[in-house]
Structures are given as C-alpha cells and as structure tokens.
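S.K.: What follows is each chain in one-letter form.
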Amino acid sequence: MHLPDGLLDPITAIVLWVVTIAFMFFGYFRIGRIFEKEDSEKIIPYIGVLAAIIFAFQFVNYPIPGGTSGHLVGGTLIAIILGPWASVIVLFLILVIQSLFGDGGITALGANTFNMGIIGGIIGFYLVMLFVKVLNFTSLKKELKLTIATAIGSYLAIILASFICGIEIAISGTIPIQFAVPAMVFWHSLIGIGEGIISALIVFYIYKTKPDFITTESILGVI
Amino acid sequence: MSFIKRNKWPLITILIIIITLMFALTVGFTIGFLSENPDGLERVLIDYYGEEWLDNLFSPWIPFLSWLNNDYIAGIVGIVLSVAVLMGTFYLFSHFKKRKLK
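Residue numbers (the working numbering), protein chains in the order written: chain A, 1 to 223; chain B, 1 to 102.
Rather than coming from a laboratory, the hints here were simulated on the basis of the structure. All of these numbers come straight from a predicted model, not from anything done at the bench. We treat Cβ as the ideally placed atom computed from N, Cα and C, and that holds for glycine. Please note that a few of the clues may not be correct.
[As the list claims (entries may be wrong)] Examples of chain B residues toward chain A, derived with CB under 8 angstroms: (1) Thr13; (2) Gly40; (3) Arg43; (4) Leu57; (5) Trp61; (6) Phe64; (7) Thr89; (8) Ser94.
[Claimed, not checked] Think about it this way: if two alpha-carbon atoms lie no more than 30 angstroms apart in a straight line, the pair counts; the simulated DSSO-like pairs of lysine-lysine are: (9) A/Lys210 - B/Lys98; (10) B/Lys98 - A/Lys42; (11) A/Lys208 - B/Lys8; (12) B/Lys97 - A/Lys42; (13) A/Lys42 - B/Lys100; (14) A/Lys210 - B/Lys97; (15) B/Lys8 - A/Lys210; (16) A/Lys42 - B/Lys8; (17) B/Lys5 - B/Lys97; (18) A/Lys208 - B/Lys5; (19) B/Lys5 - A/Lys210; (20) A/Lys42 - B/Lys5.
[Said to hold, decoys possible] Covered stretches of chain A (in silico footprint by chain B; criterion: 3 or more residues with CB under 8 angstroms from a CB of chain B, positions within the stretch not fixed): (21) 2-11; (22) 41-49; (23) 54-65; (24) 69-75; (25) 85-93; (26) 97-108; (27) 175-189.
Isolated chain B, as found in the complex (with noise of 0.2 angstroms):
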C-alpha cells in the first residue's frame, strides 16, 4: 500500500497511457491503418519459400496465448502482461541492489 501511495500519480500515469494505447489500438483496427501484411523477416522467407512453408514450420511448444484470436483481445492482454512482468522484474532488481547496499 506504501508504494501505491509514494507512487500515485507515476500509476496515474501509467493508466491513462496503457488506456490512450487501447484506444490507439481500437482506432487502428477500426479504420484499418493497421497492416496486416507479412513484416520483413515474414516477406523474405514468403519471397523464398511461399507462405504455405512458413506456416509449418516445427515449433516444439504451443505458446499458451495463441488462442487469442481477437488482436484487440491479444493487445489488452499483452500491454497489462508487460507492465506487470516489467515493473515485478525491476521492482525485485530494486529490492535486492537496495539490500545490497545496506
């Protein structure tokens, strides 16, 4: 609860940024300036091989999210992922150099 407090309007932030990014988002995908053409990496293989190999490629897993079909969905989930993977990650950093130092 201290850190939300000490740190209220940084998460202020981040909220109103992670919402302009989902509107962002949903105004992409509506007016279609999104792409949803082949990157470079995608169009090289595609040029060499066809679209069809690039789709059966072996891979040894199946990522545990690849049922989010829906890319608004898929966006939510991954920016609320992040935030929440990054800050744990350099919150422990924190803590642990802070210790260090003591």
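With the rest of the complex left out, here is chain A (with noise of 0.2 angstroms):
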C-alpha cells in the first residue's frame, strides 16, 4: 500500500502530509505514559525489536491468489503493543527508511503515514477495542480475547486504509473512484488475512509471554 511519488495531486499530499505533522505533534504529547515509570528505558530496546520486525514482515512479501502479493502493515500491532498515537510516529520513521531503499515516495510519505500510521494503527486500535468490549461478554480467555480482537481490527483495519487510499487515488485524477475503490478493497480483502493473522499472532505470543509489553492493555480493557 506504499504510494509512489507522482501518484497524488500536489494538493492531496500537502494536505496528508500536514495532518500527518499535526498527528505526530499531538502524539509525542501523548506518548508520555510510557516514559512516566522509573525504568521506562527498558522498554526502548524492545521498541528496537519491534521496528525490525516491522521492516523485516513489511519487506516479505507473500503471495496473494491472483498473481499479486501483500505483507505486513502492522499500524495496529504497534498501536496495540505501544499506544495508538506513538503508532502514527513509529509507522512515520520506518516509511522514512523504506522511501530511503524507493519503497514509498518521498512526497507520499504524509499519504502513506495518513493510511498506514492514522487509519492502520488508530483507527484499527479503536476497531480492536470496540471487539474486545465484545468478546468480554464471553467466556473466553483474556489472552484469546485480544488475540481474536486484533485478528479482526487489523483486518478491517486494512480494508479501511486501502479504501481511504482508493479515494485519495481519485481525489488526485489518477484512476476514476469506480475502479479505484473497488480495486483496492478487493485486493486488500485477501492481503488483509496475512495481517490479521501475523498481527494476532505476534500479540498472543506477547501476552504470553510478556504481557507488560502490551502498554494498553488497561485501555483495551481485557478483563
């Protein structure tokens, strides 16, 4: 889902690109929660970890029927382990790094950012936490719980940023909106499973593991 530089209309990139500065702004204020602990700089290493294996499952590409292939986004992964706004910073820096190798365009990077970063990592961690309300009407484990919850939210997650991206193919006169849109859902609907899966996966394996990674557990509310 990484847009090429020449793809937006100078207007559409400018606009992403500063409600990208705006998001990212507003998130260092918000990202203070996690350094408020007296041995918060523990927790940097790991934000390390994570960003290789962001990279790393961004740049491996799995095949998708259809001749096409799709990988790992993991805006809702990063928002679930660290915070919705801190995914919008962390999303930021990785999509510099991949622009630096031609994976994304320079001009884009607000685009891709808006898509991957803002509706990938906080609106897909709102869409976890809306089904982790409803899975605690069951009876289920907490770790299955959230691990179900993020399967969907990431998957649906997704299908929005590749419908949001759609229209920001069209508001730019690339390719008309009744092509654009349901290609990119359509397409999306397939890669989608890859992430819902890797994503649900790596928070299980956490939780197990090491719950105390999970930075909003209490905000998820997994009870």
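Relying on the hints, combine the two individually framed chains into one complex.
M.R.: Below, the structure is given as structure tokens:
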C-alpha cells in the first residue's frame, strides 16, 4: 500500500502531510505514559525489536492468489503494543527508512503515514478496543479475547486504509473512483487476511510471554 | 555504557531476534517462498495503466539506498537502520520527558 511519488496531486499530498505532522506533534505529547515509570528506559530496546520485526515483515511479500502479493503493515499491531499515538510516529519513521530504498515516495510520505499509521494504527486500535468489549461478554480467556480482537481489528483496518487510499488516488485524478476504490478494497480484503493472522500471532505470543510489553492492556479493557 | 549494562538482556534479545529475522529472510529468498508479484496498490495501477506507466512515474529525488539491488543486503541494512532510528528517537523522547518531569 506504499504510494509512490507522482501518484497524488500536490494539494492532496500537502494536505495529508499537514494532517500527519499534526497527528505526530499531538502524538508526542500523548505518549508520555510509556515514559512515566522509573524503569521506562527498559522499553526502548523492545521498541528496537518491534522496529526490526515491522521492517522485516513489511519486506516479506507473501503470495496472494490472482498474481499479487501482500505484506504486513503493522499499524494496528504497534498501536496495541505501544499505544495508538506512538504507532503514528513509529510508522512514519519506518516509512522514511523504506522511502530511502525507493519503497514509497518521499512526497507521498504524509499520505502513506496517514493510511498506515493513522487509519491502520489509531482507527485499528479503536476497532480492536470495540471487539474486546464485545468479547468481554463471552467466557473466553483474556489472551484469546485480545488475539481474536486483534485479528478482526487489523483485518478491518487494512480494508479501511485501502478504501481511503483508493479515494486519495481518485481525488488526485489518477484513476476514476469507480475503479480505484473497489479494486483496492478487493485486493486488500485478501491481503488483510495475512495482516490479521500475523498481528494476532505476535500479540498472542507477547501476551503469553511478556504481557507488560502490551502497554495498552488497561485502555483496551481486556477482562 | 551504563545504558548497555542496565539493558543487557533486552539488547541480547534484540540481537537474537535480528539474527533470526535475517535467517528467515535468507531462507525465504532461497526457497522462493517470498513473492516477487506486485502488491495490492501496484496491482490496481498495473491493471489500469500497465507496468511501464508505473515505472515512469515522476519522482523529485533519487532514493539514497535504491542502488542496493540485492534484496537480502537491503533487508539487513533496513533492519539495522530501523532499530537504530527507532531506538534513538524513543531514547530522546524518554530523555526529554524525564527532564521535563524533574
């Protein structure tokens, strides 16, 4: 879903840059909770691990039927682990590094962060929260509630991000909306299955082995 | 040095995970599990305009690391860069937040 340079018109690209900068600026002030504890520095190496995992998984394209491929975006995954606001900053930094390799454009960096960090991260996080609340009515174990909610939330976040991406392309006049949106949503409804499974497995593993690392557990309301 | 001493085990964990990821990339590229097919967005653009159009989009810059044609090397450099940039940024955040609290 990495938009290259030259695909968006200048106004759309600039507007999405401004929105992304505003979210990151606001996000910086909202991520204080992670660093309030005395030993909060201990989380920094794990952020490094998370960065490595996200970069590697975004690099790994798994085959999708129909001659296409998919890879993890990881916005919802990061939002569950570090919080929704941190996910925007983490995704932005990873996308900057990827753009150095030519994967995603520099002028489209704002749009890419908007789609993957804000829609995939923040909206994805609140979708997971919603599904956790629904699953709290069941007698499932805590880790299963979080895992299932992560799978569904990540999947829907990818579809929503692809829908928004399709609209951005259409607004820019690159492809008519009647082709861009259905095609984007169709392919990402297949690609999103991988996103949901990988995100859910990683969250399940962390929750089982190092639950403290999921800093949003109380916000998500897993009971 | 004190940061390294205090975070010995997390740093060892990072090294193990990075080595595992590199190994996974090597195996993935070697046995051909990884797909060279276009991703979702590229597929939509190719279906509408064709592959040549996508290759000729205007870009105002040449990505600094685009000369790295070997996927495996690019993967390793990317992982190392990601770890350094993310850890550095969040270390600075932590530093400024704590200084503010004092």
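S.K.: Honestly, which of those hints from before does the structure not fit?
M.R.: none
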